[in-house]
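**Q** These protein sequence lines are chains D and Y, in that order.
Just so we're aligned, residue 1 is where the first sequence starts under the numbering used here, counting upward by one.
Just so we're aligned, residue 1 is where the second sequence starts under the numbering used here, counting upward by one.
Hints should not be assumed to be uniformly reliable.
[Unchecked claim] Okay, derived cross-link-like pairs now, EDC-like style, lysine to aspartate or glutamate, Cα gap no bigger than 20 angstroms in a straight line:
{"no.": "1", "chain 1": "Y", "residue 1": "Lys253", "chain 2": "D", "residue 2": "Glu633"}
{"no.": "2", "chain 1": "D", "residue 1": "Lys760", "chain 2": "D", "residue 2": "Asp837"}
{"no.": "3", "chain 1": "Y", "residue 1": "Lys253", "chain 2": "D", "residue 2": "Glu577"}
{"no.": "4", "chain 1": "D", "residue 1": "Lys58", "chain 2": "D", "residue 2": "Glu102"}
{"no.": "5", "chain 1": "D", "residue 1": "Lys55", "chain 2": "D", "residue 2": "Glu122"}
{"no.": "6", "chain 1": "Y", "residue 1": "Lys253", "chain 2": "D", "residue 2": "Asp576"}
{"no.": "7", "chain 1": "D", "residue 1": "Lys478", "chain 2": "D", "residue 2": "Glu213"}
{"no.": "8", "chain 1": "D", "residue 1": "Lys196", "chain 2": "D", "residue 2": "Glu336"}
{"no.": "9", "chain 1": "D", "residue 1": "Lys196", "chain 2": "D", "residue 2": "Glu125"}
These are computed hints drawn from the structure, not numbers from a lab.
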Amino acid sequence: MWQAGLGNLQRLFQVRAPLRGLAFAWSAAFSVTLAGAGTARARGKDEPAAQTAHKLTKPPRLVHFVQAPYPESEKAAGRAASVVLELGINASGAVEKVVVKESAGTAFDAAAAQAAGQFVFEPAEVDGKPAAIRLLYRYAFVLRTEAPTTGILAGQVRDVRTKRPLAAVHITVDGGRSATTDADGYFRFDDVLPGKHTIALSGSHLTELQTTESLEAGRQTTVTYDVEPQDQNKPAEDRDDLEIVVTPPAVEKQVVSTEVSADEGRRIPGTQGDVLKVVENLPGVARASVGSAQLVVWGAAPEDTRVFVDGVPIPSLYHQGGFRSVIHSDMVNSVELLPGGWGAEYGRGIGGLVNVQLKPIEGDGVHGSVSGDLLDSAADVRARWGERVAVEVAGRKSYLDSVLPLFTSRNVGQYVPIPRYYDAQTRMIWDVSPGETLEIGGLVSSDTVDDTVPSADPTSVQQQTHDTSFRRIWLRYKARASDGAEILIVPSFGTNSDSLVDQFGSVPTNLDVEAAVASLRASWRKKVASWVTLTAGVDGQFVQSRFSRTGSNTSPPRTGDDYVFGQAPTDEIAHDEGTTVAASMAPFGTADFSLMDGTLHIVPGVRVDPYLLTVSSKAPTVGSTPPTGLFSESTQVEPRLAVRWSPVPALTWKAGWGIYHQPPAPADLSAVFGNPTLGLESAEHLLAGVSVGSPDTLSFEMTAFRTTSQSLAVRSPLPSPLVAQALVATGIGRSRGLQFLVRKQLSKRLFGWITYTLSKSERADAPGAPYYPYDFDQTHVLGALASLNLGGGFEVGGRFRFATGYPRTPVTGAYFDVQTGTYEPFFGQLNSIRIPDFVQVDVRVSKRFTMGQSAIEAYLDLQNVTNRANPEEIVYSPDYSQRRYITGLPILPVVGARLTW
Amino acid sequence: MVTRAAVAVVMCGAAACTPTFSDETTIVSAPRLLAVQAVPAEAALGDGFTMTALYVGPTGPADPSGLNWAICLLPKPLGQPGPINPDCFVDVSAGLTPLGAGGSVEGTVPEDACQLFGPDSPPPQPGQPSARPTDPDSTGGFYLPVRIGTGDGQWAAAPERIACAPSGLTQQVFTAFSSGYHVNENPSVTSLSAVGADGGATPIAPDSPGVASAFAVSAGEHVSLRVEWPSCPPTTTPCAGAETYLYIDPTTKQISTQRESMVASWYATAGAFDVDRAGRADNDPTPSVDNGWTAPPSSGLVHVWLVLRDSRGGVGWESYTIKVP
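Given these sequences and hints, build the entire structure.
**A** Written out as structure tokens, the structure reads:
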């Protein structure tokens with residue numbers, strides 16, 4: 001055997017192992033050795049010295065590579081290795097002999113040898129003719145991680161009466177892949193795409209059943225199906241006449257809603273992996289100013305939109321400044337935005353609705369995550385105790401205020417508002433019995449923002465501290481009755497606190513509102529006929545608030561006020577404090593009529609909401625005269641209607657309509673700053689739209705909407721307002737527009753969407769008064785985002801946003817205030833100019849490293865990659881002769897990491 | 001309730017995101033109204049008062065004959081910022097009571113001033129409840145708005161503090177307050193000095209007819225200036241400095257005492273001040289404040305005006321001339 005003298009030949013072959021164990025095999029041809037009786041001869045001492053040397057004129061070329069399965073034992077141990085083989089290749093290119101020259105262990109050796117033995121080569125040529133040859137071949141096994149793109153569905157099928165496993169049950173996924181339960185009733189599907197799937201169960205003694213499951217990438221969904229086999233003692237013709245427990249279909253989505261899974265939400269650029277921040281990118285949502293946590297949906301006031309976490313109302317979705325949401329992302333299963341036209345199950349709001357669904361606690365053992373970046377750190381830990389109890393604790397705390405002093409000697413808080421926040425959540429879920437769960441949970445959120453503007457002029461020194469916090473505890477009982485009805489009961493209790501302490505020179509603005517909130521949501525849902533599903537329930541809330549306000553009526557400013565950012569509040573100081581109660585217990589009901597073979601759904605609903613409003617003082621307090629309170633009661637009937645028609649699959653026409661009410665803000669019931677007689681604000685929503693395509697792949701939605709509101713609290717138009725009537729309930733509003741959504745759901749590698757909203761939101765101070773652009777009106781809001789899995793654990797994503805600027809009132813001149821020595825502005829037409837448009841591009845890059853059962857994800861979230869100076873607010877020179885803009889954040893890299901186990 | 005002010009909290013370096021303006025309001029480059037002094041500084045209903053304007057120009061005092069004065073009788077809308085109803089910034093209106101023209105005018109506080117601009121409820125319309133009274137300022141005061149037109153399209157507001165009896169108090173508190181409260185006094189400038197690096201102060205004489213200025217600063221030189229006002233005792237006695245006065249706490253409706261804050265506004269016909277306004281807060285009894293001034297690069301006489309304003313609307317001023325050789 002001679003060495004070919006050609007040096008080493010190296011070829012690299014990258015192979016993807018079929019298993020999700022993320023194994024790759026690399027192979028390298030190491031060296032080539034001529035072999036074969038016909039072409040190579042051992043040089044013996046009797047050969048004549050002058051015999052002709054054979055020449056390798058063409059090396060062998062691998063034309064058919066066989067992938068070796070990664071040995072399970074080695075993969076589980078996390079081992080990688082290379083096996084050096086000597087391959088004997090005949091003149092036809094087939095491998096006749098495989099010898100292990102460098103062993104990597106029995107398992108690797110065997111796998112490599114078996115695979116290599118099936119290689120097919122283009123034969124080598126010696127002296128221009130095909131010849132047998134031997135070559136050394138390195139077969140490398142390399143473990144490489146990839147971000148998971150599929151999920152696992154596994155579970156057990158049992159007899160509902162005896163709880164014994166049922167074997168030989170045939171299970172299919174979406175009418176395609178199938179499996180059969182083993183002797184213990186278990187089944188398993190690997191590599192299932194994330195999203196919703198129809199699972200069908202059938203068997204020789206089983207009436208065919210179907211259900212729907214939602215899977216997530218990288219997670220195993222474990223289910224237990226308790227089914228009722230046919231009674232074999234019955235005559236065959238009667239075996240299907242079993243007591244069929246009909247369960248209601250999965251709750252259909254509202255007419256207009258956009259739901260985003262946690263998997264998608266975590267990948268949105270510019271959100272630092274905060275799932276709930278995806279809401280800002282959904283259609284119908286205006287772009288909030290930088291540093292603002294406000295949600296403006298379909299042009300409604302931020303305080304008109306309601307937020308629920310598994311049916312528990314909370315006052316805010318985000319911490320102050322809008323940097324983070326108040327719920328740990330690992331707890332979130334999905335978030336749904338209903339900009340309007342929502343059903344009778346919800347009320348006490350005239351804007352939009354945000355529904356956060358928490359994730360079931362799954363998986364054996366202890367799992368969790370720890371993450372951190374420039375702003376804060378967070379952790380989540382969940383565990384199961386036995387088969388019935390699961391516990392989860394999560395929390396987040398900011399530390400930028402502690403970190404910054406390490407990098408600057410100045411008290412940065414004197415110049416830059418530093419947010420300080422924390423939140424924590426905990427849950428315990430008890431599977432009382434099959435189909436019956438009890439959850440006990442709690443959450444807390446706290447925010448503090450300090451802002452100081454120093455000045456040599458004591459009348460210009462500004463100091464502001466804003467503290468907000470809330471706490472909730474809840475019980476959640478969910479059960480499926482024997483008749484198939486679904487029952488849900490969620491009582492909750494908590495407190496809200498909002499304290500603003502502001503000092504502009506000598507002018508104070510103090511506003512404190514403390515509230516105790518008790519809520520009860522109970523519902524019953526049953527498919528009473530094949531074409532009718534009924535839902536009935538009660539939604540109650542009791543809010544007792546205590547407010548205290550000191551300062552000027554102009555601070556904070558209200559809609560319709562002439563106002564310039566940074567302007568000192570008017571030096572007119574008043575004070576009031578009081579207590580209010582807003583209570584209602586609303587029974588509601590909806591009926592889902594499924595007609596025309598289920599292609600047409602008509603869902604009428606009604607909600608009867610009796611409101612009780614009380615305020616502790618109906619007039620300003622005079623001397624030591626005790627205040628006289630005020631009590632009012634009104635019952636509101638709120639009809640709702642939703643219609644969905646799908647004449648063909650992948651095409652759905654939708655329409656919705658509803659009447660809504662909400663109680664006034666507690667501080668607006670002040671006899672000094674507001675009006676104790678303010679009643680309920682109301683609104684009417686009307687919308688229609690169409691969706692085309694499959695929600696699981698590519699879809700297009702268009703929705704036209706129109707909302708009108710009445711009895712809004714506005715300032716009294718009188719030059720001298722009447723006592724206890726600084727506000728009057730004569731304001732009206734209207735919003736109309738179109739919103740579009742093109743969306744590709746999370747699939748193997750790519751997801752994204754494009755949204756565009758064209759809208760107009762206006763207000764008027766009274767019926768018949770001229771409309772003016774509402775403070776939060778944004779004519780155009782365009783967003784496009786996408787996230788791509790590159791493989792190898794890498795993901796990249798981008799987001800583009802465009803939004804019309806908010807309206808502002810122009811300053812047309814100024815006069816000199818001799819008393820203060822400063823200038824005061826003359827104002828032009830209310831909200832007649834706009835801040836320039838907002839344009840921003842964000843990019844996100846992440847890399848995931850898997851280490852056995854753990855994984856680390858490192859990410860770089862680069863906001864405003866073009867470093868565009870987006871105007872956020874208009875400011876003027878002290879004499880109002882010059883106008884410029886405060887610009888938003890420059891290019892901002894946020895680096896973070898997340899460890900999960 | 002909408003909170004637009006909170007929207008503008010931005011998480012960034014203030015210098016990088018907030019624009020700066022070239023503020024030249026301290027430089028008198030054209031005839032301007034710098035201040036108005038009312039005597040008395042606080043007047044009761046029916047009392048007469050005199051208002052005098054500090055109207056200056058690039059060469060010193062300017063001709064005030066074009067100043068047009070009027071009392072504005074239109075209440076200011078509740079949500080309107082500022083001290084006066086903008087509808088009064090016209091030459092003639094039914095809501096105006098003319099006071100005349102010139103550098104100094106006299107007027108009388110209307111008998112219904114405390115109803116229009118004070119704690120007394122305005123007379124109700126037939127069949128209507130009472131109207132909402134005006135809220136006091138942070139010193140517990142109320143003001144009669146006077147508007148001034150300079151004749152060149154510029155406007156100013158010069159309120160006269162009016163002595164209205166507070167409302168919403170118990171009889172005991174009302175009696176104690178009424179007997180202990182003293183009306184505001186205008187502040188006065190005690191001295192203006194140039195402070196050397198060694199801390200020594202060189203007095204600068206105020207302008208006096210027929211007396212040439214003796215204080216000189218080299219071109220481009222920076223000097224530290226200190227203005228002083230009378231030091232007032234911590235008791236409620238009249239004083240031309242930062243007075244202590246009785247005040248009704250709006251949250252408790254009880255009497256407390258407060259000290260006036262004092263702000264000095266600096267004006268000059270040339271050069272540049274370090275800050276345009278500096279002062280002492282109500283919790284700082286120091287009867288002086290410093291500011292820096294950089295002389296202009298060219299020689300000449302620079303007119304300087306120093307205006308003191310206390311937090312109860314009192315105003316006082318002095319004028320100076322600095323020679324730049």
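**Q** Please go over all the hints and tell whether each is borne out by the structure.
**A** For each hint, the structure was consulted:
A hinted pair counts as satisfied when its Cα atoms are at most 20 angstroms apart, and Lys253/Y with Glu633/D does not qualify at roughly 33 angstroms. Note on Lys760/D and Asp837/D: the hinted pairing holds, with a Cα-Cα distance of about 16 angstroms set against a maximum of 20 angstroms. Distance hint between Lys253/Y and Glu577/D is fulfilled; the C-alpha atoms sit about 13 angstroms from each other, no more than 20 angstroms. Between the alpha carbons of Lys58/D and Glu102/D the distance comes to roughly 26 angstroms, so the proposed pair goes past 20 angstroms and is violated.
Distance restraint check for Lys55/D and Glu122/D: the Cα-Cα separation of roughly 17 angstroms lies within the 20 angstroms cut-off, and the hinted pair is therefore satisfied. Taking the CA atoms of Lys253/Y and Asp576/D, the gap is near 11 angstroms; set against the 20 angstroms cutoff, the hint holds. Taking the CA atoms of Lys478/D and Glu213/D, the gap is about 18 angstroms. The hint holds against a cut of 20 angstroms. The suggested pairing of Lys196/D with Glu336/D holds, with an alpha-carbon distance near 16 angstroms, which does not exceed 20 angstroms.
For a cut-off of 20 angstroms, the pair hint linking Lys196/D to Glu125/D is broken: about 56 angstroms separates their Cα positions.
Checked against the numbered hints listed earlier, the structure breaks hints 1, 4 and 9; every other hint is satisfied.
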